[in-house]
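Student: Here's the letter readout for the chains.
Number of protein chains: 2
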Amino acid sequence: MTTRIVELRRGILKKNDELAAGLRERFTTAGVLVLNLVSSPGTGKTAFLERTLTELRARGASVAALVGDLETDNDARRLAASGAPVRQINTHGICHLDAEMITRHLEDWKDVSLIGLNLLFIENVGNLVCPSSYDLGERIRVALLSVTEGEDKPLKYPGLFNSADAAVITKIDLAKPCGFDRDQALRNINEIRPGIHVFETSAKTGAGMDEWINYLAWEAKLT
Amino acid sequence: MTTRIVELRRGILKKNDELAAGLRERFTTAGVLVLNLVSSPGTGKTAFLERTLTELRARGASVAALVGDLETDNDARRLAASGAPVRQINTHGICHLDAEMITRHLEDWKDVSLIGLNLLFIENVGNLVCPSSYDLGERIRVALLSVTEGEDKPLKYPGLFNSADAAVITKIDLAKPCGFDRDQALRNINEIRPGIHVFETSAKTGAGMDEWINYLAWEAKLT
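Protein chains in written order, with my numbering: chain A, 1 to 223; chain B, 224 to 446.
Some hints here could point you the wrong way.
The calculated lysine to any residue pairs, modelled on SDA-like cross-linking and capped at a C-alpha distance of 20 Å, are [what the hints assert, rightly or not]:
#1 K15/A x I94/A
#2 K427/B x A175/A
#3 K427/B x F180/A
#4 K221/A x H197/A
Cβ pair distances, simulated, as ranges [stated by the list, open to error]:
#5 G31/A x N413/B: 44 to 50 Å
#6 P417/B x G31/A: 49 to 55 Å
#7 E414/B x H197/A: 38 to 44 Å
#8 E18/A x D433/B: 55 to 61 Å
Everything labelled a hint here was simulated from the structure, so no lab data went into it.
Quick reminder that beta carbons are idealized off the backbone N, C-alpha and C, glycines included.
So here's chain A without its partners, still in its complex pose:
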């Protein structure tokens, strides 16, 4: 049975990679920068993304977001407060988004056309394992880690951190009460993915958001 599973898994990933390659080509042609945000449940992806969308809109950027969850549209409703078009994808038990879900939800999204869009954010299902194998056609994969989770997560979930293009440490306003060891966390991130961009942020206080927004503006050629 193991051989059949490995073969099927390879087949699924191959099909996903083909779809993702098609998406990437469409995104590049349309000139939209696409980011895939991955983290554990509760890292604060939604609060971070809401603030990101709001600040980018304030700079005149055209932004949108797709947000994945097993159930509920809580996150889409929270993100919509930014004023950006947001669409919820419910996976109903599946532990990650895949390229087919992205393709399907872009197809009939009446509020959004890729043409004229500067940045599209995809907030993945909260999970540090399964999303790392599924390319969504993004140009930048962002691994998020909160100060409440412990400094050793990059070592324990190397698949995600190794495949990421940027790392975001969230909730740094809680660093002190959590006894967060910043140096250790940075060492662990760099051990798994040497030289990765690391942003230290708080969506609550706004700390570190300027550096993050400047990075996005530069990558999306907004300036």
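Take the given structure of chain A and dock chain B to it, following the hints.
Tutor: Using the frame of chain A, we list chain B on its own:
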């Protein structure tokens, strides 16, 4: 391909259920209470379990732990500080433990015999989705949720909370800086799993640990 995947998945889960039923029978015959601890990465399972093992040992109980992670033996080393026998299971990319892994690691565990053991804790891989489908032969499945993660996690991950026998809220020492809404969290847990035992704890300050340890002592017939 979808039909083949569903069939294969059913086959895998059926095989797992059979193995788990065998494990459950062995655990019951040996008189050992087995718990399966499931949560998001960074909820504080290991700190909570370390304190649990230490306090149970102080009461004269015979305890042991199996701990699952994709990579590293960090958690086994942390838990070993309690003085209890601990064994690390590395899943190398698999996002949950299964009954076969438990069977195999019990077989050649020289430090531990089920006979004479009061409680065996299984700390699952940090993941709120995949572990919910895999019975490990446990009698009590514990869903853990930290105050840093947000009150809506039970609604967003109903599979786990619905299949749990007890819920543990961790890191309550951080409730205030996190702006944790206790009533909302309790309402959400009870919406998904009405009447479940809920323990509100801090492994750091020891708050709520007495109630939890008394519950375990009663369930394991220690008193």
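Student: Against this structure, judge whether each hint is valid.
Tutor: Hint-by-hint comparison with the structure:
{"no.": "1", "hint": "K15/A x I94/A", "in the structure": "holds (17 Å)"}
{"no.": "2", "hint": "K427/B x A175/A", "in the structure": "holds (15 Å)"}
{"no.": "3", "hint": "K427/B x F180/A", "in the structure": "holds (14 Å)"}
{"no.": "4", "hint": "K221/A x H197/A", "in the structure": "holds (18 Å)"}
{"no.": "5", "hint": "G31/A x N413/B: 44 to 50 Å", "in the structure": "holds (48 Å)"}
{"no.": "6", "hint": "P417/B x G31/A: 49 to 55 Å", "in the structure": "holds (51 Å)"}
{"no.": "7", "hint": "E414/B x H197/A: 38 to 44 Å", "in the structure": "holds (40 Å)"}
{"no.": "8", "hint": "E18/A x D433/B: 55 to 61 Å", "in the structure": "holds (56 Å)"}
Violated hints: none; the structure is consistent with every hint.
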